[in-house]
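Starting from the known structure of chain S, fit chain F onto it as the hints suggest.
Protein chains: 2
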Amino acid sequence: MEIGQHISQRYNEELEDIRNQVLKMGGLVESQAEQAVKALLESDFELAKAVANGDEAVNQMEVDIDEECTRVIARRQPTASDLRLVVAVVKVITDLERIGDEAEKIARYSKKLAKKQNITRMHSELSHMSQLVLTMLHDSLDAFARLDADGAVRILGKDQQVNVELDNLSRLLITFMMEDPRHIKSALRVSWCARSLERIADHAQNICEYVIYLVKGKDVRHTSLEHIRSKYFPYDIEDGEE
Amino acid sequence: MEIGQHISQRYNEELEDIRNQVLKMGGLVESQAEQAVKALLESDFELAKAVANGDEAVNQMEVDIDEECTRVIARRQPTASDLRLVVAVVKVITDLERIGDEAEKIARYSKKLAKKQNITRMHSELSHMSQLVLTMLHDSLDAFARLDADGAVRILGKDQQVNVELDNLSRLLITFMMEDPRHIKSALRVSWCARSLERIADHAQNICEYVIYLVKGKDVRHTSLEHIRSKYFPYDIEDGEE
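Heads up: the sequence lines are chains S and F, in that order.
First residue of the first sequence: 117, per our numbering; consecutive thereafter.
First residue of the second sequence: 117, per our numbering; consecutive thereafter.
For reference, chain S alone in the conformation it holds in the complex:
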């Protein structure tokens, strides 16, 4: 799939510009998620504070890109793959903005957790889960940047692993709270951070689904992974480095 096959050079530029803005927004959101996780894992109060206050740029980008998309629809009346691009962008930026929200939430809890010394025991589980989620996010943005449906479909289904991690962490948290009730408040906050991570994974999956829609022209939301793979990817897709 290629963007910008129009006789109007200006129209090509507009579409390309929208895509670039989404990539920029994605980069910003990814960095916020990374920083929020870093603040959480390293109990870095100052970093947490910075991330908790840094959501506005992302919000503004969402509004701007939305406006630009509406303008292009009204002015250029896009069809076929151009229209899919614009519709996918409108959806993707909603997910990006919400990933930004979740990063902000993690940062807010991290601020409170940074002053407690008793969460170190949960670090290894949390760090494992975070790594998984941040990789999913990175790969989904990468799939969007390269309009890579194969890359996108490889990411679908990874939320199952995230759910397993979340279950493990929840069990650990319960043990931890039972051992010493003074840990309850912190553990509850850690559990909310974990749920925010789970949401980020959900949003990353949504982005992948829009990439597939964009490239293949098929809406694969709410469709089983087996069905998607056999119907739209009848060839073998390597499973990456795993």
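FYI, nobody ran anything at the bench for these hints, they're computed from the structure.
Accuracy of the hints is not assured; some may be wrong.
Heads up, the list lumps identical chains together, so a pair's fine if it works in one copy or across two of them.
Straight line, CA to CA, 35 Å or less: simulated DSBU-like cross-link-like pairs of lysine-lysine [to be verified]:
1) Lys231 <-> Lys154
2) Lys274 <-> Lys332
3) Lys334 <-> Lys347
4) Lys332 <-> Lys347
5) Lys165 <-> Lys347
6) Lys165 <-> Lys334
Just chain F, lined up with the frame of chain S:
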């Protein structure tokens, strides 16, 4: 604002049809949220089970309405308020679908909680918060149905009350867990239900913002409530029955 001022009768019908489908989807989602809350508060295992499995119809509606919107953009090349309607619908149904997801989550936790007898003490707090959230959802759908920007702006800001309720409930949960560690697991599940309720309130707010965008043509996301009120609603808006 009126829909259907076109010479093409078919086009008018298409726009009206999209709007009706959204209202239908909204009705279904609202009923799922209500049922999920009922299952939670009444420890009704069977009802919880039914809600936990009833998400598919909502998902299918989202896909269908999305397709219909893309088709209308491609075929009718809507402009001005018609374009805003279509764009708002594309956004609103994403929120509706996610409210359906949250209802499903509440139902899933309710299934597990239904077998525990120890959550009754949290009922009054939970029922208060649920009522607030369900009313917000109902009123936001109502504002969308009647394209009522005044109604929508009245709902904005109510998430602050939901946050207060959430804080109260969290404090209660912590006390509850401290008193008896055997309550920890259930209390954790209740806290997750509460967070799902909080999200439903967030999504209801989003819907209100789209209603304002639709009617006033202004994107009011990420704008302070004071600013919205003074700029776009310079007249007095009654605060309802409160």
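Problem - Intra- versus inter-copy proximity for Lys332 and Lys274 (alpha-carbon distance at most 35 Å) - result: within (21 Å within a copy, 41 Å between copies)
Problem - Lys334 and Lys347: within-copy, between-copy, both or neither at 35 Å Cα - result: within (10 Å within a copy, 41 Å between copies)
Problem - Intra- versus inter-copy proximity for Lys154 and Lys231 (alpha-carbon distance at most 35 Å) - result: So Lys231 and Lys154 pass the 35 Å test inside one copy only (15 Å; across, 39 Å).
Exercise for the section: Evaluate Lys332 and Lys347 at a C-alpha cut-off of 35 Å and name the case that applies: within, between, both or neither. Expected result: Result: close within a single copy only, 11 Å intra versus 43 Å inter.
Exercise for the section: First find the shortest C-alpha distance between Lys165 and Lys334 inside one copy, then the shortest across copies, and answer within, between, both or neither for a cut-off of 35 Å. Expected result: Classified as between: cross-chain Cα gap 31 Å, same-chain 41 Å, threshold 35 Å.
Exercise for the section: Could you figure out if Lys165 and Lys347 sit no more than 35 Å apart (CA to CA) within one copy, between two copies, both or neither? Expected result: Between copies only: 31 Å across, 46 Å inside.
The structure fails none of the hints (numbered hints given earlier).
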